[in-house]
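Asker: Residue strings, one per chain:
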Amino acid sequence: MSCTNGDEKARLAERQEQWQGMVDKALSRFPERKENFSTTSGIETKRLFSPADVDAIDYNEDVGFPGEFPFTRGVQPTMYRARFWTMRQYAGFGSAKQTNERYRYLLEQGQTGLSVAFDLPTQIGYDSDMELADGEVGKVGVAIDSLADMEILFDQIALDKVSTSMTINAPAAVLLAMYIAVAEKQGVSSEKLRGTIQNDVLKEYFARGTYIFPPQPSMKIITDIFSYCKDNLPNWNTISISGYHIREAGSSAVQEVAFTLADGLAYVDAAVKTGLDVDDFAKRLSFFFNVHNNFLEEIAKFRAARRLWARLMKERFGAQKASSMMMRFHTQTAGCSLTAQQPDNNVVRVTMQALAAVLGGTNSLHTNSRDEALCLPTEDSVRIALRTQQIIAHESGVADTVDPLAGSYMVESMTSEIEEKALKYINKIDDLGGVVKAIEAGFMQQEIGDSAYAYQKSIETEDQVIVGVNRFIIEEAPPENLLRIKQEMEIEQRKSLKAIKAGRDAAAVENSLKALRQVAESGDNLLPAIVVAVKTYATLGEVCGVLREIFGEYVEG
Amino acid sequence: MDKKIKVLIAKPGLDGHDRGAKVVSRALRDAGMEVIYSGIRQTPEQIVATAVQEDVDSIGLSCLSGAHNKLFPRVVNLLKEKGAGDVLVFGGGIIPDEDLQGLKDAGISEIFLPGASTEDTIEFIKNNVK
Chain A
3 MSCTNGDEKA RLAERQEQWQ GMVDKALSRF PERKENFSTT SGIETKRLFS
53 PADVDAIDYN EDVGFPGEFP FTRGVQPTMY RARFWTMRQY AGFGSAKQTN
103 ERYRYLLEQG QTGLSVAFDL PTQIGYDSDM ELADGEVGKV GVAIDSLADM
153 EILFDQIALD KVSTSMTINA PAAVLLAMYI AVAEKQGVSS EKLRGTIQND
203 VLKEYFARGT YIFPPQPSMK IITDIFSYCK DNLPNWNTIS ISGYHIREAG
253 SSAVQEVAFT LADGLAYVDA AVKTGLDVDD FAKRLSFFFN VHNNFLEEIA
303 KFRAARRLWA RLMKERFGAQ KASSMMMRFH TQTAGCSLTA QQPDNNVVRV
353 TMQALAAVLG GTNSLHTNSR DEALCLPTED SVRIALRTQQ IIAHESGVAD
403 TVDPLAGSYM VESMTSEIEE KALKYINKID DLGGVVKAIE AGFMQQEIGD
453 SAYAYQKSIE TEDQVIVGVN RFIIEEAPPE NLLRIKQEME IEQRKSLKAI
503 KAGRDAAAVE NSLKALRQVA ESGDNLLPAI VVAVKTYATL GEVCGVLREI
553 FGEYVEG
Chain B
-2 MDKKIKVLIA KPGLDGHDRG AKVVSRALRD AGMEVIYSGI RQTPEQIVAT
48 AVQEDVDSIG LSCLSGAHNK LFPRVVNLLK EKGAGDVLVF GGGIIPDEDL
98 QGLKDAGISE IFLPGASTED TIEFIKNNVK
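Chains as they are written, first to last, in this note's numbering: chain A, 3 to 559; chain B, -2 to 127.
Among these hints, one or two may not hold up.
Okay, the calculated beta carbon distance ranges per label pair [as the list claims (entries may be wrong)]:
id: 1; chain 1: A; residue 1: 554; chain 2: B; residue 2: 74; range: 25 to 35 Å
id: 2; chain 1: A; residue 1: 159; chain 2: B; residue 2: 95; range: 32 to 42 Å
id: 3; chain 1: A; residue 1: 40; chain 2: B; residue 2: 83; range: 41 to 51 Å
Hints were generated in silico from the structure; no laboratory data involved.
Bear in mind that the values here come from a model prediction, so they are computed numbers and not experimental data.
Think of the CB as a built atom: it goes at the ideal place given N, C-alpha and C, for glycine as much as any other residue.
Sequences are here, hints too, so could you generate the full structure?
Answerer: This is how it looks when you write it as structure tokens:
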């Protein structure tokens, strides 16, 4: 990339050799802290990177310009000079009413997008009154049983003004249908809606766990959504292909990129096989990554992911439009890096992670709160997390130029190495017969498990220092002012569900569920029937119940 | 030679965060124990049935969803009902300090919090399995 002629190269080699002599002298007097420096992906972090390390990189082919293929430097030509990334804090707890209050608080504080966290029963398609929901209602997110809860969740929030991301996978079609119905009641037509559903079921089987149906019907539901949104919600991101949870489950940075992109390829492949044209739906695919502690590796990871996706879309699927090859992604700072010890230190971790995400060109960002290794965040903690993004945006200056670390020998070299290693994994998954086969063989699970175990061992041997956990420990009083979800919330939620069920038109509910069953059996697109059903206040559990009967349930192998 | 200690690591409830459960399973195995990992989304009934069938010495429960106050005591109570009240039950996860005493009173012998080392868990089991 930088040494253009033979003379310069020769001089560089000579100079480097001289320098090596100096290094050897220094080493004999001051040995380095470690024998090997490497990232969690097993990429060697060399003592020094020089033009020789980027010699094989062709600037025009491999790096290029922002907004142009292969998008290494970002997806928009001017990036944050035009508009900052979307500041989108993932939030949801207890009842729809409590969560609505938090959303309105966040919007008042300058947040620019909403992100809904649902409780586990909602994510797995159970109503709050079902036995398996016992103890879980409203705990890790908001409890949504029917359209009535969704109406409260978005009360006084104009859905034509805000974009909403929903972390919902197996029942994504149902929650999207409820969102469409709430918007309609607000007088907002579905083509105006902006937002994202996660809708990425593949990673649920190997990294996150909120699957319902087996892979085949799951893929069918996902492609139904692609197809429905193409015609009805043109501004909606139909999927958020997620590496975040893969990383949280313990993967390395390279594995995160590889397994996420492998999932993405599987979705594109499935959609193309149903007859959709790649250029008709690919621009609505979005991605979601983690940002962990290793600052430079993370920046390189984002750049590598964008480049690799662009190339794969072009080479494998013959995508023609630039927007089909453009990887747009949301980033969340690494929940698994937060410590319960000295929780205020987490503010510093989150700041550095967020900065890496911004330097990596993220399109949207969630910053974790300092107390999240202990509980759901308090309002104070969430505000600091949001302020962290605002400080990076408005005060640090890093958003004023596009992709400022491009051309760094280290970052460019690392970008290429991550791309190369991730592609090797993707080819390996191809050899195994694709993602579903690889999941069945336990391939990703094994790889992630190995990385997680190695990381834990490195902490226990203090090879990896975690401040406040294995070094720099202090005696601490138990933390105070934590957010707790009261047990009564579950009882209240069940009561209101009972009232909804008593007050609705029972015949309309029954008919809509019957119609849904017929559609599910016929193989037609499920979405229109689901939209009709949720409008009758059929519950999430009832709708998913019908689909469970037709499609069966996935059982972990 | 001592009989191998047999441990069931289990995930009660709907929580899918099993990184910790898997890491602990592996560490216990490396420490010479026989370990069964239940997989995610197990009911207390399923966990206790496995424990009784496999005749385990100890059960480690992992929960990061906040449902521990309901789920952990239920496992202990079911064990007692099945005549397996001598099984050593411990837990781990995101568990607020204020819940610790209640869980101990309910028969959970020890709770390992974020940042705990696998060595602590290994020591605890070795010292407390009868």
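Asker: For every hint, state whether the structure bears it out.
Answerer: Tested hints:
1. 554/A - 74/B: 25 to 35 Å: 32 Å, holds
2. 159/A - 95/B: 32 to 42 Å: Holds - the Cβ-Cβ distance for residue 159/A and residue 95/B, about 33 Å, lies within 32 to 42 Å.
3. 40/A - 83/B: 41 to 51 Å: 47 Å, holds
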